[in-house]
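Number of protein chains: 4
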Amino acid sequence: MSKVIKGGTIVTADRQFAGDILIEDGKIAAIGDNLTGDEVIDAEGAYVIPGGIDPHTHLEMPFMGTTADETFESGTWAAATGGTTMLVDFCLPGPDGSIKNAINDWHRKSAPQICSDIGYHMAITGWNESIFNEMKDAVDMGVNSFKHFMAYKGALMVEDDEMYASFSRCKELGALPMVHAENGDIIQELQQKYLAEGITGPEGHAFSRPPELEGEAANRAIMIADAVGTPLYIVHVSCEQAHEAIRRARQKGHRVYGEPLIQFLTLDESEYFNKSWEHAARRVMSPPFRSKAHQDGLWAGLSAGSLQVVATDHCAFGTEKKKMGLNDFTQIPNGTGGLEDRLAVLWTTGVETGRITPEEFVAVTSTNIAKILNIYPQKGALVPGADADIVVWDPKISKTISANSQKSIIDYNVFEGFEVTAQARHTLSRGDVIWSWGKNSAPQPGRGRFVPRPAFSSAGTALSRWKALNTPRKVERDPMNIPSGI
Amino acid sequence: MSKVIKGGTIVTADRQFAGDILIEDGKIAAIGDNLTGDEVIDAEGAYVIPGGIDPHTHLEMPFMGTTADETFESGTWAAATGGTTMLVDFCLPGPDGSIKNAINDWHRKSAPQICSDIGYHMAITGWNESIFNEMKDAVDMGVNSFKHFMAYKGALMVEDDEMYASFSRCKELGALPMVHAENGDIIQELQQKYLAEGITGPEGHAFSRPPELEGEAANRAIMIADAVGTPLYIVHVSCEQAHEAIRRARQKGHRVYGEPLIQFLTLDESEYFNKSWEHAARRVMSPPFRSKAHQDGLWAGLSAGSLQVVATDHCAFGTEKKKMGLNDFTQIPNGTGGLEDRLAVLWTTGVETGRITPEEFVAVTSTNIAKILNIYPQKGALVPGADADIVVWDPKISKTISANSQKSIIDYNVFEGFEVTAQARHTLSRGDVIWSWGKNSAPQPGRGRFVPRPAFSSAGTALSRWKALNTPRKVERDPMNIPSGI
Amino acid sequence: MSKVIKGGTIVTADRQFAGDILIEDGKIAAIGDNLTGDEVIDAEGAYVIPGGIDPHTHLEMPFMGTTADETFESGTWAAATGGTTMLVDFCLPGPDGSIKNAINDWHRKSAPQICSDIGYHMAITGWNESIFNEMKDAVDMGVNSFKHFMAYKGALMVEDDEMYASFSRCKELGALPMVHAENGDIIQELQQKYLAEGITGPEGHAFSRPPELEGEAANRAIMIADAVGTPLYIVHVSCEQAHEAIRRARQKGHRVYGEPLIQFLTLDESEYFNKSWEHAARRVMSPPFRSKAHQDGLWAGLSAGSLQVVATDHCAFGTEKKKMGLNDFTQIPNGTGGLEDRLAVLWTTGVETGRITPEEFVAVTSTNIAKILNIYPQKGALVPGADADIVVWDPKISKTISANSQKSIIDYNVFEGFEVTAQARHTLSRGDVIWSWGKNSAPQPGRGRFVPRPAFSSAGTALSRWKALNTPRKVERDPMNIPSGI
Amino acid sequence: MSKVIKGGTIVTADRQFAGDILIEDGKIAAIGDNLTGDEVIDAEGAYVIPGGIDPHTHLEMPFMGTTADETFESGTWAAATGGTTMLVDFCLPGPDGSIKNAINDWHRKSAPQICSDIGYHMAITGWNESIFNEMKDAVDMGVNSFKHFMAYKGALMVEDDEMYASFSRCKELGALPMVHAENGDIIQELQQKYLAEGITGPEGHAFSRPPELEGEAANRAIMIADAVGTPLYIVHVSCEQAHEAIRRARQKGHRVYGEPLIQFLTLDESEYFNKSWEHAARRVMSPPFRSKAHQDGLWAGLSAGSLQVVATDHCAFGTEKKKMGLNDFTQIPNGTGGLEDRLAVLWTTGVETGRITPEEFVAVTSTNIAKILNIYPQKGALVPGADADIVVWDPKISKTISANSQKSIIDYNVFEGFEVTAQARHTLSRGDVIWSWGKNSAPQPGRGRFVPRPAFSSAGTALSRWKALNTPRKVERDPMNIPSGI
Ligand SMILES: [Zn+2]
Ligand SMILES: [Zn+2]
Ligand SMILES: [Zn+2]
Ligand SMILES: [Zn+2]
Ligand SMILES: [Zn+2]
Ligand SMILES: [Zn+2]
Ligand SMILES: [Zn+2]
Ligand SMILES: [Zn+2]
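Chains as they are written, first to last, in our numbering: chain A, 1 to 486; chain B, 1 to 486; chain C, 1 to 486; chain D, 1 to 486.
Be careful, since some hints might not be right.
Pairs involving identical chains hold if they fit within one copy or between any two copies, as the list cannot separate such chains.
Unchecked claim - Lysine-lysine pairs mimicking DSBU-like chemistry, simulated, CA-CA at most 30 Å apart:
hint : residue 1 : residue 2
1    : K399      : K292
2    : K439      : K153
3    : K136      : K396
4    : K439      : K109
5    : K407      : K467
6    : K109      : K193
7    : K6        : K100
8    : K136      : K439
In case anyone wonders, no lab produced these hints; they're calculated from the structure.
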């Protein structure tokens with residue numbers, strides 16, 4: 001049964017135009033005028049955009065002695081209602097340290113639950129021969145990106161030589177290294193310092209993770225990636241310091257990508273100084289929100305091209321779990337929400353203000369990450385042959401964000417009270433309408449699929465070529481010019 | 001009669017994929033596998049790319065007391081043989097100062113000659129009410145970009161207040177201001193200084209136009225565009241100084257575009273120090289070639305996104321005309337060639353080395369400028385409905401560039417002796433194969449068309465919205481708080 | 001009769017140490033321990049510093065159809081009570097355009113009035129042969145610095161070629177060019193725009209002079225100075241944009257100096273949005289106060305060495321004169337006060353907070369400008385042989401700044417209400433105690449002297465040498481390699 | 001017995017003037033005209049400058065399995081003949097790890113040998129309670145600076161948390177942390193990579209230590225120092241990357257100092273590509289010489305104030321010792337010479353060309369480091385009371401540098417063949433003429449003294465004050481707003 005999305009203004013990363021979209025077998029069959037199909041989806045007065053991709057979520061993630069509340073079902077469902085049709089979740093090795101087992105474990109948990117499609121990044125939290133070997137398995141299993149934590153000392157953190165080794169392996173495999181960039185050593189020192197000074201509340205979280213520590217780590221990871229000769233993706237860029245390091249590298253021809261979060265574009269550190277402990281603790285995530293002074297630069301990065309992706313780092317711990325850190329901010333589980341609201345908040349604060357164009361909105365919410373993760377145009381595009389992950393985006397539906405009315409299962413929302421001016425009228429996942437505004441749509445757990453991603457992106461291939469051409473060469477010396485031994 | 005380009009690897013600004021392209025009525029009718037048509041164009045082993053757009057040419061331009069040699073016929077033809085299917089030429093007002101008359105004059109000259117499509121930028125070389133009025137006529141006639149010369153004092157140069165006025169008019173009309181950025185006042189001072197010191201040869205041209213003068217003017221034009229609230233396009237960016245100004249502006253959210261020339265990416269100022277006067281004089285153009293130290297930054301700008309377009313500033317004066325400046329470098333007609341070789345040289349030095357990806361090659365030779373000039377996807381794209389300006393780009397045809405074998409009618413080539421590793425196997429203009437490698441193709445003057453361009457690009461519209469939201473507001477004061485007059 | 005300043009901590013630009021200072025014949029005769037003299041000046045518990053030099057004042061200056069209120073008497077007196085023992089005032093040519101006459105006129109006005117020493121900068125407000133010639137007269141008369149206004153179009157403003165010519169003349173004469181850096185063309189456009197929009201109040205002054213216009217002009221002046229090969233001094237640096245241009249130049253080896261004002265370090269643009277017209281109008285000066293975001297960078301510039309001097313641009317128009325612009329902000333006389341409070345405000349906000357060291361305080365209030373203006377160590381130093389312009393600076397005298405209690409004759413103070421924590425206990429001018437705290441000191445008009453300044457500073461000489469070594473050289477060509485004429 | 005240096009031009013960091021210097025009891029007794037003394041030292045036609053201070057030497061240092069050849073005697077003697085009257089040598093803990101013992105050991109070795117004065121920096125090569133405690137002993141013993149190696153993994157290298165701990169201890173003690181900034185982890189990876197590729201020659205040394213690794217480490221150390229709130233001194237700055245990190249920090253108000261070496265200002269990496277293994281191996285030091293592109297920036301840093309000190313890192317291993325690395329560049333002892341030639345090379349390439357002024361020459365060779373190390377004006381100054389470490393610097397004595405004629409005991413000289421245009425006519429150490437040109441002066445081992453340095457410099461004190469004022473504050477929350485436990 002075919003469907004036609006009719007009457008909308010199609011917006012892609014490169015243009016806007018009036019047109020219909022014909023969908024067959026879960027894929028886009030045609031784009032054009034006056035298309036017909038068995039079923040008509042009304043897009044009159046709305047934009048038609050590629051479904052959002054949120055490349056940074058932690059669903060049901062075991063972390064800091066507890067587990068993130070958002071499930072694969074609730075997460076993919078909440079995302080879909082907000083216009084996001086694919087999540088890329090972070091997969092962590094279990095106690096056995098096996099990558100393969102971890103991926104299979106993630107499949108086991110996600111498969112029966114997910115309402116729309118998903119992919120994984122694999123975390124590299126140490127280094128040994130088995131990890132080296134299993135990285136190939138991960139790539140073979142469709143996971144082409146590996147995350148490295150430069151923070152969480154004593155837990156997930158890796159050292160510089162481990163990053164060098166892992167990045168080198170990524171390069172061989174055509175995979176993309178990613179980093180959580182914060183200096184874990186110094187965070188630990190500052191945590192101890194502020195706790196010793198009696199600062200135990202959530203504000204201590206922000207104080208112990210100043211932006212300089214993020215900038216330093218970003219800069220260091222970039223240097224290592226450059227020494228290896230691989231592109232690098234820096235998750236959750238929150239501050240000018242990290243952005244500056246990224247820009248500096250890009251201006252030398254290095255292929256570095258930066259991902260600000262929607263939170264960092266719109267919220268600031270004053271949240272941690274709120275007189276309500278709960279208000280503050282619910283915002284605890286790493287890196288923390290920054291001062292307002294950082295926001296203009298992040299926005300400019302999106303239009304200038306020095307930052308490419310807006311994500312959420314959705315890792316939702318409910319208030320009860322936050323209370324684990326009641327007397328010690330270092331024990332507050334790190335993470336907050338956003339996957340349901342990302343598109344609406346970005347549209348309202350970005351497109352409606354003219355900071356970014358509608359095309360750039362599509363680029364940073366969907367297309368760019370699809371290219372970076374090498375699944376474009378299967379995802380992130382509106383072209384014949386692409387998966388019909390499509391959103392009819394209605395710029396006339398406004399709402400006030402509230403935990404009371406959200407689909408996410410956590411008990412608060414960091415955007416509580418925000419007025420947004422646009423919403424998904426319909427969300428399609430591979431051609432199925434899984435959400436329609438005001439129609440009592442229900443989640444369909446298990447219909448989502450894992451999307452394997454091939455290795456060797458075009459950018460990585462080009463960089464490898466350049467590095468190979470410019471590798472240092474041995475100086476050939478006449479034995480006459482070499483002294484005999486000592 | 002339909003045509004199919006079969007068996008190639010299609011490369012666009014956003015991806016590479018195997019596919020055929022069906023052409024009907026001069027437009028792309030379909031892209032897919034196993035397409036059939038009346039005629040087959042073989043693309044086996046080759047890339048299929050959007051025809052190049054060179055947005056910076058001066059054909060038959062009257063300048064410095066003479067006229068550029070390259071005609072509309074020879075220029076469009078030479079370009080087509082090199083894979084470029086559209087030129088945007090600079091239109092200068094004649095003695096009557098009328099914009100409308102100038103455009104009609106350009107039509108009169110170009111229409112019978114052009115072998116492929118063309119557009120114009122209009123030069124604003126002064127300011128008065130009639131220019132203000134006729135700018136609207138230009139936009140109505142399909143010219144949506146206006147060029148301002150900050151150099152050529154006493155001739156084309158405009159002052160800051162004139163730029164402010166013209167940029168403001170551009171903003172109203174939804175047109176794009178462009179600048180030739182060099183400080184004309186200081187150039188004139190330095191010319192006089194070096195002539196007085198007895199430096200009369202072509203090296204004096206380079207000495208009297210140091211990169212700092214270009215950086216200064218770029219910076220100034222950017223400030224004016226920002227004060228007005230309009231995007232800005234900076235032609236022929238040759239140096240780090242101008243690039244730095246562009247980057248700085250973009251990082252504040254300002255929409256500024258920069259256009260390095262293929263010459264600046266690959267040739268350097270040592271050409272002006274050549275012991276042969278003719279060799280040196282043939283390279284005289286403004287801005288001049290720079291020291292090698294500038295090149296890495298320009299290349300990085302292309303991959304980082306801080307520079308968007310590679311052009312040529314093709315303005316070819318033959319050796320005889322260059323001799324006008326035999327005893328005085330300031331009298332050497334400024335300009336050189338490149339439109340025939342741009343793609344091959346960029347491919348060889350950029351894609352083959354891994355400095356840029358094939359996708360970026362397409363972006364900077366075609367797609368980006370089509371977007372900037374608001375004719376995308378009619379031009380610069382491979383999508384159904386687009387003009388079938390397509391090149392079958394063969395990465396296995398190598399040749400040595402030489403004036404002896406070129407199509408351009410000038411008697412030298414600044415790339416003389418360059419080995420290039422790729423060439424256009426076929427060039428199609430609106431579906432017509434106008435050039436095939438080794439097939440004795442002949443120019444078809446008069447088949448080209450003028451391409452009108454609409455106003456109000458997406459980027460300009462967004463910027464206007466942002467500026468409107470952030471415009472300063474009057475402080476309302478109680479009359480009690482305002483003293484009575486004096 | 002000799003004097004000894006006893007028991008203080010001597011602070012110079014390079015160190016702090018306990019010591020006495022012996023003064024004879026108006027000069028420092030010795031510095032050491034246990035010195036004796038005919039008279040003892042108590043410095044117990046205080047710092048002993050070189051008298052402040054304010055290199056940027058406009059006393060009794062005719063401007064904008066009126067004349068600045070502060071007289072040479074009241075100005076030098078108020079300065080002295082605040083610890084400043086030398087002013088460098090801006091001398092403007094009169095209607096006859098003569099530099100020599102202007103200097104003599106300034107002498108005529110200042111000589112009978114000044115309570116402490118003075119020097120002049122000469123303004124270059126146009127260009128012709130007589131100005132060229134008279135610049136030498138100025139240098140011979142002890143004026144080694146020339147100011148150029150890039151703003152005040154139609155009045156004081158000069159064009160780029162005029163600056164090039166004047167800077168070149170400065171270089172020849174070993175004099176220092178200075179600029180007021182704001183783009184006068186664009187200011188005029190913005191003034192007209194905001195007036196047309198009905199913004200007639202003082203906030204329009206700030207709106208029509210955004211920091212980008214200052215940054216642009218600074219950048220342009222720097223380029224011109226570099227093309228000429230001369231150092232450059234940029235007065236009243238208010239913003240990051242200008243500071244960035246200065247830093248960028250210095251990092252290329254160019255000798256550029258920047259002078260933030262004490263106002264810009266401590267006050268911000270919100271003053272212009274005050275609901276009281278008078279409050280706002282009294283703060284109107286050019287450049288205007290900027291947003292707080294600019295302040296951190298200026299402060300850092302003082303400790304980093306990228307900015308050298310803290311001045312005041314004291315040009316005090318009383319409230320009645322400000323009312324000339326009651327209905328049109330462009331008619332509000334530009335200028336405000338500060339020379340009395342500069343040291344105390346800088347000490348309190350800079351030294352007391354640790355932003356700058358006491359040594360840096362001395363450097364930026366006195367020593368650096370003495371070096372730049374080539375009168376060091378006659379002024380700005382505490383060494384034997386130097387003029388005994390000395391301040392006993394008491395870090396325990398606090399006061400609240402108020403127009404009610406100030407010595408300046410204007411009827412307001414932009415620092416009204418500031419609590420300062422230090423004051424001059426004694427101020428000596430060439431050995432005379434001209435001010436003692438709480439002792440009813442009275443002004444002594446006529447005792448001050450004009451301080452002639454020699455040309456050819458060390459920095460300028462070095463730069464000239466470097467430029468001479470690196471000047472472009474003619475390419476010698478064999479006649480065989482030059483074609484015969486056309 | 002008094003001495004007078006007569007007839008010279010005195011040059012200090014702040015001025016030049018004609019004057020005589022009277023010396024009594026090893027100290028400067030007076031500076032003035034027509035001074036008389038028992039003995040006259042002729043300075044006619046020469047400059048009189050403070051003796052050079054080389055703050056970076058490794059005399060007789062045990063390293064990489066051998067010991068640096070230059071002895072305390074030959075080193076201080078060679079330095080003195082070149083105008084350098086004080087060295088600050090790096091003291092390394094011995095096998096027992098004791099700081100106190102190491103200092104005493106250094107005293108034992110140096111005391112009988114040194115011909116002029118000396119000080120030490122203490123190396124911190126690990127972290128434990130005894131190091132924490134003994135750092136105080138070091139300060140009490142007159143060592144107020146502590147060096148941290150971020151390279152030499154497995155040997156001297158310290159980790160980030162160790163740096164944080166040690167920097168914090170430095171801050172408490174008022175001492176200055178210093179770093180050798182290169183990323184030791186990545187160096188080791190690159191060493192293994194290039195060795196595995198068969199690159200065993202000295203060029204591998206350069207390849208395995210690219211400038212990005214130095215920039216990264218500098219940036220990281222700066223971040224740590226900023227988190228602690230202490231000034232930082234970065235030794236042997238060789239490249240733009242490290243300089244950029246320093247500038248960026250300084251422009252935020254952070255007090256970071258950078259020390260380029262005279263080698264880095266004048267020599268480049270092509271030395272490592274020399275066809276003679278010995279030539280190349282003799283230049284092996286860390287960081288290595290860089291490409292010429294780095295030099296302009298370092299020079300500009302000296303005049304702009306972003307770099308403060310020119311040193312040598314004199315650590316001379318003779319050719320026989322270099323051969324330890326004949327088959328493996330990682331075994332070539334790292335280090336080269338320079339202390340004898342630093343002033344002459346800097347004068348010739350810096351002052352004679354106009355890149356720096358004579359005053360800046362004095363500042364970067366002597367005065368600045370004396371201030372940074374808190375021994376100013378005992379050293380680094382020409383003022384009454386200062387140690388009479390004075391050089392009569394003759395700008396008319398030229399010579400060709402050669403190992404054949406040098407005083408240093410190593411068997412080569414990296415400046416071999418350089419023509420220098422100035423030399424020390426006389427060198428005085430605490431009033432003793434220890435070297436006169438052409439007079440067969442002989443070394444006087446044992447006359448030199450250790451110079452203890454006090455803690456708490458003015459800059460450090462100011463920074464501590466600023467950090468204390470701006471330290472984060474606890475958010476006080478009403479118990480009502482804190483949930484009860486979980
Ligand atoms: Zn993270
Ligand atoms: Zn995360
Ligand atoms: Zn041009
Ligand atoms: Zn042109
Ligand atoms: Zn001014
Ligand atoms: Zn002024
Ligand atoms: Zn070292
Ligand atoms: Zn060393």
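Practice task
Measure nothing new, just compare the shortest in-copy and cross-copy C-alpha distances for K109 and K193 to 30 Å and report within, between, both or neither.
Solution key: The answer is neither: 40 Å in one copy and 41 Å across copies each exceed 30 Å.
Practice task
Up to 30 Å between alpha-carbons, please classify K136 paired with K396: within, between, both or neither.
Solution key: neither (47 Å within a copy, 34 Å between copies)
Problem - Homomeric proximity label, K439 with K109: Cα distance no greater than 30 Å - result: within (29 Å within a copy, 62 Å between copies)
Practice task
State whether the alpha carbon distance between K439 and K153 is at most 30 Å within one copy, between copies, both, or neither.
Solution key: Classified as neither; 47 Å inside a copy, 64 Å across copies.
Practice task
If the cutoff is 30 Å on CA atoms, where do K136 and K439 land: within, between, both or neither? Let me know, please.
Solution key: neither (45 Å within a copy, 49 Å between copies)
Exercise for the section: With 30 Å as the alpha-carbon cut-off, assign the pair K407 and K467 to within, between, both or neither. Expected result: neither (47 Å within a copy, 36 Å between copies)
Problem - Intra- versus inter-copy proximity for K100 and K6 (alpha-carbon distance at most 30 Å) - result: Answer is neither; intra-copy 44 Å and inter-copy 41 Å both fail.
Practice task
Could you figure out if K399 and K292 sit no more than 30 Å apart (CA to CA) within one copy, between two copies, both or neither?
Solution key: within (25 Å within a copy, 35 Å between copies)
Going through the hint list in order, the structure does not satisfy hints 2, 3, 5, 6, 7, 8.
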